[in-house]
Amino acid sequence: DIRMTQSPASLSASLGETVNIECLASEDIYSDLAWYQQKPGKSPQLLIYNANSLQNGVPSRFSGSGSGTQYSLKINSLQSEDVATYFCQQYNNYPNTFGAGTKLELK
Amino acid sequence: QIQLVQSGPELKKPGESVKISCKASGYTFTDYAMHWVKQAPGKGLKWMGWINTYTGKPTYADDFKGRFVFSLEASASTANLQISNLKNEDTATYFCARNTDYYPYVMDAWGQGASVTVSS
Numbered sequence: 001d002i003r004m005t006q007s008p009a010s011l012s013a014s015l016g017e018t019v020n021i022e023c024l025a026s027e028d029i030y031s032d033l034a035w036y037q038q039k040p041g042k043s044p045q046l047l048i049y050n051a052n053s054l055q056n057g058v059p060s061r062f063s064g065s066g067s068g069t070q071y072s073l074k075i076n077s078l079q080s081e082d083v084a085t086y087f088c089q090q091y092n093n094y095p096n097t098f099g100a101g102t103k104l105e106l107k
Numbered sequence: 108q109i110q111l112v113q114s115g116p117e118l119k120k121p122g123e124s125v126k127i128s129c130k131a132s133g134y135t136f137t138d139y140a141m142h143w144v145k146q147a148p149g150k151g152l153k154w155m156g157w158i159n160t161y162t163g164k165p166t167y168a169d170d171f172k173g174r175f176v177f178s179l180e181a182s183a184s185t186a187n188l189q190i191s192n193l194k195n196e197d198t199a200t201y202f203c204a205r206n207t208d209y210y211p212y213v214m215d216a217w218g219q220g221a222s223v224t225v226s227s
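In order, the protein sequences belong to chains A and B.
At position 35 of the first sequence the residue is numbered 35 (my numbering), and the sequence of numbers has no breaks.
Positions in the second sequence are counted from 1; adding 107 to them yields my numbering.
So that you can see chain B by itself, here it is in the shape it has in the complex (with noise of 0.2 Å):
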């Protein structure tokens, strides 16, 4: 069956990085594109942007350019998601979700999520 693992929570500290993966099994990876989500602490759901695991080509919500990075390890079937210089507002879970095959944007697979909090 279709499944998205994210690696475990992390605590870090203003200024620091942090990298969270995703990986996928039950599919063809490179067949769906990736998105990620995060969600604030009681808070809703904010589209962060996707990454086209075809061809590697990132695309970024205005809101998280510049210090958050989409990567692939397409052989190991793994989404990742690296933000770099993190800010308190960073505390959140990050869900990696795939995009359905037949409209885009709608995700029909999700990660159980990955916790970041940032506190120094």
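With the rest of the complex left out, here is chain A (with noise of 0.2 Å):
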């Protein structure tokens, strides 16, 4: 199986910061990476299929990038409302699977 390193595990931002959230897969999946972001207490929601294509309704300050093993998430003016464990998943090779996490707390 292919796996996903997220990194970091956590981290702790302000308001209005820019965020990034790093996935490295342990071999190359041609952009088939997916991220989701889990608030607290709530099911996973999609935000980026393709690596970088941001699924309907979610707001533009999301986006995605990378290619071959790296991949990165990108929160610009960070808002209360994105305080969440984001997660990143491959799905080029069976079985898909995902990262661990990394979880976003308001500094």
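Just so you know, the hints here were simulated from the structure itself, not pulled from any lab data.
If a hint is listed, it holds; no wrong ones were tucked in.
Computed list of lysine to any residue pairs in SDA-like fashion (alpha-carbon distance at most 25 Å, straight line):
no. : chain 1 : residue 1 : chain 2 : residue 2
1   : B       : K126      : B       : T162
2   : B       : K172      : B       : S128
3   : B       : K150      : A       : S26
4   : A       : K42       : B       : G156
5   : A       : K103      : B       : G220
6   : A       : K39       : B       : S128
7   : B       : K153      : A       : D82
8   : A       : K42       : B       : Y139
9   : B       : K194      : A       : G41
10  : B       : K153      : A       : L104
Between beta-carbon pairs, the in silico distance windows are:
no. : chain 1 : residue 1 : chain 2 : residue 2 : range
11  : A       : G16       : B       : E196      : 40 to 46 Å
12  : A       : S60       : B       : N159      : 32 to 38 Å
13  : A       : K42       : B       : T224      : 16 to 22 Å
14  : A       : G57       : B       : K120      : 38 to 44 Å
15  : A       : K39       : B       : D208      : 20 to 26 Å
16  : B       : P121      : A       : T18       : 46 to 52 Å
17  : B       : Y161      : A       : S10       : 37 to 43 Å
18  : B       : Q110      : A       : V58       : 17 to 23 Å
19  : A       : R3        : B       : A181      : 32 to 38 Å
This structure is a prediction, so every number in the text was calculated from the model and none was measured.
Heads up, the beta-carbon is just placed ideally off N, CA and C, and yes, glycines get one too.
Assembling the complex is the task here: the two chains are given apart, and the hints tell you how they should meet.
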């Protein structure tokens, strides 16, 4: 199975800041990468697919980038409602696998 | 709007069985595959498998072969997950999640989760 390594495991940022979360795949996943946001006590919600395509209804302050084995999620101008855990998922190889998550808190 | 509504929390003893339901609304149920995802307390997401909602054919990830059964009540737009011979390590929240119509294994709508606690 492809291993997805997220970093950092947790981070603390201030309102209005820009935040970057990284995801490293154990092999090339050819941009078959999605990002999900899970707010405390809620179910995950799809943010990004195909590494950089924004899901309908997701605010434009979220963006994704990367290729090969290295991917990132960027949140511009952090809002209080962005407090959540973020997961990356590769779907290039069977079975699809998730990263362990990055917990984002407000400073 | 698209909704996946799951059944309520369950408290079970080891060796018992549990059935979790996931009722879909707001779209044509048989047009989209349904996935099941496990989240143990304080842990990440683990994909369990999926079911073809048109044919009813299930596919199980390796770690979920044997005690786990995906089924449908298509007339009721409902997908079910049954777990038999429950073990302590089955304690988790189980999510159903709809596949997108553009990429396999990408999940664009999720149920609220069904909590299963296994304890003697």
